[in-house]
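Reminder that position 86 of the sequence shown reads as 369 in my numbering, one-by-one numbering, no gaps.
It should be emphasised that the hints constitute simulated quantities derived from the structure, not laboratory data. Since the structure is predicted, the reported quantities are computational estimates derived from the model, not experimental observations. Please note: incorrect hints may appear among the correct ones.
Said to hold, decoys possible - Okay, the calculated beta carbon distance ranges per label pair:
#  : residue 1 : residue 2 : range
1  : Ile328    : Ala615    : 42 to 52 Å
2  : Leu629    : Pro385    : 47 to 57 Å
3  : Glu628    : Glu597    : 49 to 59 Å
4  : Ile328    : Pro651    : 17 to 27 Å
5  : Gly332    : Gly602    : 37 to 47 Å
6  : Pro385    : Glu531    : 41 to 51 Å
7  : Gly432    : Arg361    : 33 to 43 Å
8  : Leu364    : Leu629    : 53 to 63 Å
9  : Trp429    : Lys480    : 15 to 25 Å
10 : Lys632    : Arg361    : 13 to 23 Å
11 : Pro651    : Asp542    : 27 to 37 Å
12 : Lys480    : Arg392    : 38 to 48 Å
13 : Arg285    : Asn524    : 21 to 31 Å
14 : Ala455    : Cys546    : 13 to 23 Å
Claimed, not checked - Taking lysine-lysine pairs in the DSS-like style, the calculated list, with each CA pair at most 25 Å apart, reads:
#  : residue 1 : residue 2
15 : Lys362    : Lys313
16 : Lys507    : Lys474
17 : Lys354    : Lys417
18 : Lys411    : Lys451
19 : Lys474    : Lys362
20 : Lys307    : Lys643
21 : Lys451    : Lys313
22 : Lys480    : Lys537
23 : Lys474    : Lys537
24 : Lys307    : Lys537
25 : Lys507    : Lys411
No residue lacks a Cβ here, since even glycine has one placed at the ideal position from N, Cα and C.
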Amino acid sequence: MRIIVSTHDSLAPVKGGGALRTIKCAEELKRRGHDVIIIAPTDGINELGGIRTHWLRAPQKQRSQILSSLKFNIRLLRKFLQFAGNTDMFFVHNTIAAATIPFLRFFFRFRFILDVTDVHTEYLAAAKRNLFEKLATPFALWLEYWILGSADKVVVCTNAMKDLLAAKGIPAAKISVVYDAAETDQISPAKDPGAEKAVLHLGTVDRQHGVDLFIRAAPYVAEKHPEARFLVVGGGRELPNVIALARELGVYDKFLFTDYLPCEKAREYMRSAAIGVIPRLDTLPNRIVTTLKIYEYWAGGLAAVSSSMAGIAEIAADGRDIMFFPSGDARAMAAVISRLLEDAELRGKIAAGGLATVRKYTWADTIPAIIDIALADERP
């Protein structure tokens, strides 16, 4: 079969948790003998892993997520139209890159598979919005769930997400759950000297990631542990704001901030820290995901600290491989971090529990499971 693989995430350099999952799915489809073409942001690179790539700029989302996604889909449609007439399957990661697919099916015959690790419009509904976004959000929500319902199969990353989609009227028989994973063969749990004093937030710094809560927790931690260091590794729209907040709270000198880094370079910082944090607020879109961070923290030998959310609770247990704190409570987050800084035995126990858990979530199992679902009943 000829299969188009697409996503809005940058695949080269890798940005966004879905990028790695998408690349690996494309590679698995090619390994199984299919003619695969990637249409996605790749920074001008025309081939990835021996797979032909048609590249375009990623959505910037600086002024308006809706307008940015619309412009991205117009550019994407031009690419899709080149291949839609002789394509057997569109395999798309997340709906931002799939907005035009249901309309193309009025004119062309192909199978449509959606691999979903976020319901993006729900983030918009939970965020601060300008007037245009407030007016457009109800339609955007309807459109995203309509796109999801139009797919032949939908692969999601948690049972919480499956339950949400089913509640929105998408047939449960269409929906399969395949959890995310970590590159355990490429991430080392080894630590550099002094890592026991450092706390890390790894990944993009956007509104939904709640990094401002990590900044607000830092003064409470620093008061008890002046030797503590804090790392925010990864760029994003909110990075300037969290840097400004660190200055305002008088803890800027205790932080290391980076901009976007290549995936491999960003992961190197896990050697420099003993604790990894997930400070997301417990809003609907955050509640139904796990985030790639948790798997990578586990594989990197970090003791994971997270706000309590249903999606993560599907794969993690408080006191076994994670320490939960109440969502949005900076003092509670600081108390958990401080406890782990003080108690090396507990920190080691949580990190060891994570290493044991992540062995159940490797790409070697996850990717074939996704592709098996995509290729089942292949006729469009």
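Evaluated hints:
| no. | hint | verdict |
| --- | --- | --- |
| 1 | Ile328 / Ala615: 42 to 52 Å | holds, 44 Å |
| 2 | Leu629 / Pro385: 47 to 57 Å | holds, 50 Å |
| 3 | Glu628 / Glu597: 49 to 59 Å | violated, 27 Å |
| 4 | Ile328 / Pro651: 17 to 27 Å | holds, 26 Å |
| 5 | Gly332 / Gly602: 37 to 47 Å | holds, 40 Å |
| 6 | Pro385 / Glu531: 41 to 51 Å | holds, 46 Å |
| 7 | Gly432 / Arg361: 33 to 43 Å | violated, 25 Å |
| 8 | Leu364 / Leu629: 53 to 63 Å | holds, 57 Å |
| 9 | Trp429 / Lys480: 15 to 25 Å | violated, 50 Å |
| 10 | Lys632 / Arg361: 13 to 23 Å | violated, 54 Å |
| 11 | Pro651 / Asp542: 27 to 37 Å | holds, 35 Å |
| 12 | Lys480 / Arg392: 38 to 48 Å | violated, 59 Å |
| 13 | Arg285 / Asn524: 21 to 31 Å | violated, 44 Å |
| 14 | Ala455 / Cys546: 13 to 23 Å | violated, 34 Å |
| 15 | Lys362 / Lys313 | holds, 20 Å |
| 16 | Lys507 / Lys474 | holds, 23 Å |
| 17 | Lys354 / Lys417 | holds, 19 Å |
| 18 | Lys411 / Lys451 | holds, 24 Å |
| 19 | Lys474 / Lys362 | violated, 45 Å |
| 20 | Lys307 / Lys643 | holds, 18 Å |
| 21 | Lys451 / Lys313 | violated, 34 Å |
| 22 | Lys480 / Lys537 | holds, 11 Å |
| 23 | Lys474 / Lys537 | holds, 20 Å |
| 24 | Lys307 / Lys537 | violated, 37 Å |
| 25 | Lys507 / Lys411 | violated, 34 Å |
In terms of the numbered hints stated before, the structure departs from hints 3, 7, 9, 10, 12, 13, 14, 19, 21, 24 and 25, listed from lowest to highest.
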